[in-house]
Each structure stands twice: as structure tokens, then as C-alpha cells.
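These protein sequence lines are chains A and B, in that order. The opening position of the first sequence corresponds to residue 0 in this note's numbering, with each subsequent residue numbered one higher. The opening position of the second sequence corresponds to residue 0 in this note's numbering, with each subsequent residue numbered one higher.
Some clues are possibly wrong.
Remember, identical chains collapse to one label, so a pair may be satisfied in a single copy or spanning two.
[To be verified] In the DSBU-like style, the derived pairs of lysine-lysine whose C-alpha atoms are separated by at most 35 Å in a straight line are:
(1) LYS344 <-> LYS23
(2) LYS154 <-> LYS292
(3) LYS20 <-> LYS168
(4) LYS154 <-> LYS365
(5) LYS84 <-> LYS157
(6) LYS154 <-> LYS291
I should point out that these hints are in silico values taken from the structure, not numbers from a laboratory.
There are 2 protein chains.
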Amino acid sequence: MSMDFQYYVPVRIVSGSDCVKKQKELLCAFGQRALIVTGKSSVRNGALEDVAYALNANGQKFAVFDRVPNNPTVESVEEGARLAKEFCADFIVAVGGGSPMDAAKAVAMRAKQSIPEGIFAHPIGGDVLPMVHIPTTAGTGSEVTQYSILTNDEKQTKTSISSPALFPKIAFLDGKYMADLPQDITVNTAIDAISHAVEGMLSVRAGALTDALAKESLRAIFSEYRALSTGNYTIHSRQNLLYGATVAGMVIANTGTSPVHGMGYSLTYFHKIPHGRANGLLLPSFLRICRKKIPERMQEICEAIGSDLEEFSQRIGFLLGERERYPDEALRDYAHRASMNKNIKNCRAFFDENDLYEVFKDALGK
Amino acid sequence: MSMDFQYYVPVRIVSGSDCVKKQKELLCAFGQRALIVTGKSSVRNGALEDVAYALNANGQKFAVFDRVPNNPTVESVEEGARLAKEFCADFIVAVGGGSPMDAAKAVAMRAKQSIPEGIFAHPIGGDVLPMVHIPTTAGTGSEVTQYSILTNDEKQTKTSISSPALFPKIAFLDGKYMADLPQDITVNTAIDAISHAVEGMLSVRAGALTDALAKESLRAIFSEYRALSTGNYTIHSRQNLLYGATVAGMVIANTGTSPVHGMGYSLTYFHKIPHGRANGLLLPSFLRICRKKIPERMQEICEAIGSDLEEFSQRIGFLLGERERYPDEALRDYAHRASMNKNIKNCRAFFDENDLYEVFKDALGK
Numbered sequence: 000m001s002m003d004f005q006y007y008v009p010v011r012i013v014s015g016s017d018c019v020k021k022q023k024e025l026l027c028a029f030g031q032r033a034l035i036v037t038g039k040s041s042v043r044n045g046a047l048e049d050v051a052y053a054l055n056a057n058g059q060k061f062a063v064f065d066r067v068p069n070n071p072t073v074e075s076v077e078e079g080a081r082l083a084k085e086f087c088a089d090f091i092v093a094v095g096g097g098s099p100m101d102a103a104k105a106v107a108m109r110a111k112q113s114i115p116e117g118i119f120a121h122p123i124g125g126d127v128l129p130m131v132h133i134p135t136t137a138g139t140g141s142e143v144t145q146y147s148i149l150t151n152d153e154k155q156t157k158t159s160i161s162s163p164a165l166f167p168k169i170a171f172l173d174g175k176y177m178a179d180l181p182q183d184i185t186v187n188t189a190i191d192a193i194s195h196a197v198e199g200m201l202s203v204r205a206g207a208l209t210d211a212l213a214k215e216s217l218r219a220i221f222s223e224y225r226a227l228s229t230g231n232y233t234i235h236s237r238q239n240l241l242y243g244a245t246v247a248g249m250v251i252a253n254t255g256t257s258p259v260h261g262m263g264y265s266l267t268y269f270h271k272i273p274h275g276r277a278n279g280l281l282l283p284s285f286l287r288i289c290r291k292k293i294p295e296r297m298q299e300i301c302e303a304i305g306s307d308l309e310e311f312s313q314r315i316g317f318l319l320g321e322r323e324r325y326p327d328e329a330l331r332d333y334a335h336r337a338s339m340n341k342n343i344k345n346c347r348a349f350f351d352e353n354d355l356y357e358v359f360k361d362a363l364g365k
Numbered sequence: 000m001s002m003d004f005q006y007y008v009p010v011r012i013v014s015g016s017d018c019v020k021k022q023k024e025l026l027c028a029f030g031q032r033a034l035i036v037t038g039k040s041s042v043r044n045g046a047l048e049d050v051a052y053a054l055n056a057n058g059q060k061f062a063v064f065d066r067v068p069n070n071p072t073v074e075s076v077e078e079g080a081r082l083a084k085e086f087c088a089d090f091i092v093a094v095g096g097g098s099p100m101d102a103a104k105a106v107a108m109r110a111k112q113s114i115p116e117g118i119f120a121h122p123i124g125g126d127v128l129p130m131v132h133i134p135t136t137a138g139t140g141s142e143v144t145q146y147s148i149l150t151n152d153e154k155q156t157k158t159s160i161s162s163p164a165l166f167p168k169i170a171f172l173d174g175k176y177m178a179d180l181p182q183d184i185t186v187n188t189a190i191d192a193i194s195h196a197v198e199g200m201l202s203v204r205a206g207a208l209t210d211a212l213a214k215e216s217l218r219a220i221f222s223e224y225r226a227l228s229t230g231n232y233t234i235h236s237r238q239n240l241l242y243g244a245t246v247a248g249m250v251i252a253n254t255g256t257s258p259v260h261g262m263g264y265s266l267t268y269f270h271k272i273p274h275g276r277a278n279g280l281l282l283p284s285f286l287r288i289c290r291k292k293i294p295e296r297m298q299e300i301c302e303a304i305g306s307d308l309e310e311f312s313q314r315i316g317f318l319l320g321e322r323e324r325y326p327d328e329a330l331r332d333y334a335h336r337a338s339m340n341k342n343i344k345n346c347r348a349f350f351d352e353n354d355l356y357e358v359f360k361d362a363l364g365k
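Let's have the full structure, built from the sequences with the hints guiding it.
In C-alpha cells:
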């Protein structure tokens, strides 16, 4: 457990049933006019109604931008930023899963900054609209990170932009917004959070504090394994899964992710495999190679998971169901792409292109 | 474990050997001129040299205010604030134990705000000099809290002022500054941190995240019990104790403290008993009454401590050595004073004046 670390998560976390309505006064600090950034599907879970109630009760004006697609594009960010400027928004309220929450960060930045070099090349300054994030899935952790992950068509992958200025000011955590979340999304997002916690422990930037948070996240999520595997959730399960996902977000805000994320982006970009599922398909195979390269650290991770690697692999496999298979040629291409991702350098175990191919083949080979 | 909670610690934690020198660039964000706020005893532990090295290397100017007394007075705060204004300080660097770190927060505030109603009555605005805190004891947690605890001569106690504006921007954690810390101060401050973690779990504001952090703090500190009881510390022990104390600070930043702190202030004000020792003298007796009032929560706390209450009591008692004894009349007076402290309402178990007297009598009766 390393004592050489940095840790920074300047987000106010407000958790609990009806927290948006109960703590609505917290929104008053950010100004008179809010742009709500959301996706089409977030309209039906009750979150948008709660936000509207809170803003109305505070006498704040708002507009809604609900055209964020899954795996958000630069075009949708630009459209949101234009609307934020037209509406003279003082702050952004992001409502949704990872896509709307990530897009909202880029919208908040683009509403204040011009980027002549393009969004992926331009350094991000400190001037962004303040943001309030309300997750409606339990996985991404975006509500407590400084990352915004956008589709990068030029490079045919997803690329993260990152800056301390992109931390939301507040994350409201209310599990009730997940009450009707479909089982596949629930499972995929929970696996995403598990992957964040495990990848955080594999990071060269892992320290005592992120280790403690990663273990807490895994404890909370695996305490709901029965719910995840049966699809029967109580409101308490939902809140617990959301809590675990947020705590895993606090981990990766400080550790970053591992090559698993870099590898998964190809599956999402080329095959539309949901992000969490992509991580879950790859993680057990990745960890098997880690066990050879860094056995002591893997022992600690298994203790945090509460099972050995084969049991972990079976549990994740059960949640994923039948797995996709791809031809060898494609897997070699994805391994090559992943070998160029900056996540490679972030892992305590070094994975060269051949190692990455071995992971792909073990996980997804025909 | 409650899921209804708020959590906010917007401090960048930078941990590890030589972190001030290695991460000196982080100081550049705060301006050209620093006032270092410290106590006389902090001069000899190497922290001041590291700060001076870092500021010089950055081309930043600095002045030193080293007249913060133990249990800082309002007068010393005013003197520091005058110096900060005369020097046109852009930011404050606090170096020392709880007293200099707490005083530095009030100095940072007073350098920017006037307080016609007096420091304990005046609401604290957002305009304060940015602060960087460097603890040289492992106990207070002040480096990650929004509290400044000052001697209140009018009310004959210590009184905390509190505001989100009083969070330091950075906490540098380097255990080497504690290498030559005397055994009594090491023990007293470690007990202070233990008390913070336990009191945090007793708070009505305790939530899942602060519980996890409290347990992590107790794990780290009790893993050094052997070092604490023998007085033989490695640099790793020192870093571990400092880490535990900071994590306990992250707890109380969100939960506040319990009546134990309110009770201890009388022992410190009237008998100059060091703050951590005062808490340690009272805590086991306090927890015995909690065991009757909130048995389930006490069970969780005992699991976090890793022992039952009597073993905990013996371990703390061993560290404290011979305990002070006071006449019944004095203890009744202290119980009365403690019953008026706002900490009373912050505890899951309600302690009336008679309960508080029972604690005092059990702990310190003749």
C-alpha cells in the first residue's frame, strides 16, 4: 500500500432518497439560469422532474438540452454549448448516465472557452460553467471525476479530456432514479464500476487512500451480487450500487484507468458494445495475466473482491451471459490500437501488444 | 450504515516522503508572496526548511509568523493577520500541529474580512487567503477540515469557527517531520485521531462514506499500536499515523465531533491537559454509556477498532499512563459546561448533564 500519492476530489456528494428536492437550496449558489443536459432516455426516470421542481422552487430559470447520444459526439457537445450561450446559462445540471454527464462537462467548458486546435488537442483552461451532476445509472462515476470521454471519429476510438476544472461542484446520489433501469444496463454499469475499482488498484498512481476507497466500492457492489444476478432490486440495492459506483469514481479520479479501458474502447467504437460490458468481457482475462506479472498485488485485489480470480471470473461471466466472438485479425488490430493508448503506462503490470492480444484472444477469440 | 449523507473535502492531499520539495510547483498557483504561520517548536523538525526551499525555488517571497501559542488565542490570530496584510501575502502556508494550523485558518480569514461582531459571533464569508497546510503532528486533521478551534476566554473554553472557505487548498503529508516528535505528543495526537474516527461514527451525520473512512483511519492507527506503546517508530509508522489522522480529519469535516470534545475542552482550558489526552481520558467512559444507549452502533465501532470496549479501554489507558483526578465539584461544573456545547446534539446517543457527569466521574473522579 503506497503512501506516495496525491488525492483530490473537490465534489460535494449529497446522497439519499429525494436528496435533490431536500437539498435544493444548494443549487442557489450557481446563479439564476440553468441548462439541463440530458439524453432522451433520462426523461422517464423522475430525475428531470425533481430538478425542475427544485429549480422552480428556487425561482431559477432553465432550458433543457436532451439530444446527447450514447457515446457522445463532439457535434452534440457543440450543439449543447451553443444552446448554453444562447440561453445565457449560469450553470449546467447534468442528468443521466455516463454519456450525458460526460457531455455536460464538455458543454460547460465550450460555453466559456474557444478551442481553435480542436477539443482533443486543446489545453483546457479553468473557466467553465459550474456543474451539478445527477447520475441515473450506477457505473461511470463521472459525477465525481474530472474526465469527459467523447467519441473521437478521427482516431476511431473514445478519447478522454481531463482537467481539474471539469469536476462537478455537486453530485446528487438518489437510487430511486434507477428503480426502472433495465437489467442489461444495470449489470453493464455495475461491471463498469467494478472495473474502475479493480483498475484503480492496478494503477501506478494507486495509494493507501484510493486502495481503501476501491475496497469500499467493491464491498458495496458485491454485497448486491445477488440482486445483480437475479435482477431483483430493492431501493436499498439501487442506492448501494450507486454509492459503490461513485466511490469507484473517486478512485479513478486519482488513479486513472488501466489498459482494460483502452482495449474496451475498440469494442464500443466498432461493435457498439456498451462500455461496462466491454470492460467486463476483458477484465478477467486481463487479470489472469496480471496474476503472472504482479502476483502480490493481485492477491490484495482478490482479497478486496472477496474471492479468487476464477470465482470472480465466473461471477462476472454469469452477469455477462453469452459473450461476443471476433476473428483473430480484428483482435490483433484492437490490440495494436490499445497498445498506443496512454492507459498502458498507467498500469503496474506492463502489457505489450502481444500481451494485449493474448487478453483479447482469451476473452473474445473464436 | 446510512445512505443519507453529505460529504465534502475539497483539499488536495499530497502524501509521501519529501512531498513538499517534490511537488513544490503546486505552490505556484497561489501567488508570489506567502506568509508562513507556525509555532516556535515547528522550527526544528525540518518542515520550515522544506517550505523555504520550495518557495525559494519557485521564486516566491515569504515572511514567517512563528508566534502561535498552544491553544491559539484571538490575539495571536490578529497579530498574524496584521502581518499578512503588511506583507501583502497572497497565501498562507501553515506549518505545525493543530494550533498553528487552526490559527492559520483564522489568520487567512482575518487578512481579508473585518469582524465587527467578534470572531466567534461573526458569520464567515468566502473571501480568505488560500492556504497550504503542512502538519508536523499526526492527530488534529486540521489540514483537511474547515474548522479553526481557538481559545475563547470570554466563555472559558475552546470554540470552533467553521466555514467551507476555511478548507486548505493543499495538505502535504510527510511523516519525516514527526521523526523526533516526543512520545507524549505522539501518543496524545494519535489518541486525538482515534477519538475523531470513533466520534465521527457516533455522529448523527455519519454516513456510509465517513464510516468507511473512519474504519480505514482506525485500521491504520491501530496497525501502529505496537509502535505507540513502545515509542519505537520507523518512518513508515510515522507516515501511517499521519495518514490515519488525516483520514480521521476527513471524517470529522463531515460528521463533526461528539460530546467527548466538548467535555475535553474544560480539561484543556482549566488544567492545560493536551487536547488529545483530554479526549483519551474521557472516551472509554463515554463509550461505556453509549453501549447502553446505542448497543448496535457500538458493536460496529468495536468491529472497526478490532477489539471489545474493555480491551480498547485498556489499550488507551496504557498509552495515557497515570490519569489525572479532580474533585467532584469541578467535575459537576465541567459536566454543566459540556451540556451546553453544540456537540451534544451531534451524537446518536443523547447525553444529558447527569450522563456527562457520570462520564467525568468514571474517568477522572477521585
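Hints and how they fare:
1. LYS344 <-> LYS23: between (42 Å within a copy, 24 Å between copies)
2. LYS154 <-> LYS292: within (30 Å within a copy, 62 Å between copies)
3. LYS20 <-> LYS168: Close inside one copy (17 Å) and across copies (30 Å); limit 35 Å.
4. LYS154 <-> LYS365: Within one copy only: 26 Å inside, 77 Å across.
5. LYS84 <-> LYS157: So LYS84 and LYS157 pass the 35 Å test inside one copy only (26 Å; across, 50 Å).
6. LYS154 <-> LYS291: within (32 Å within a copy, 64 Å between copies)
In terms of the numbered hints stated before, the structure departs from none.
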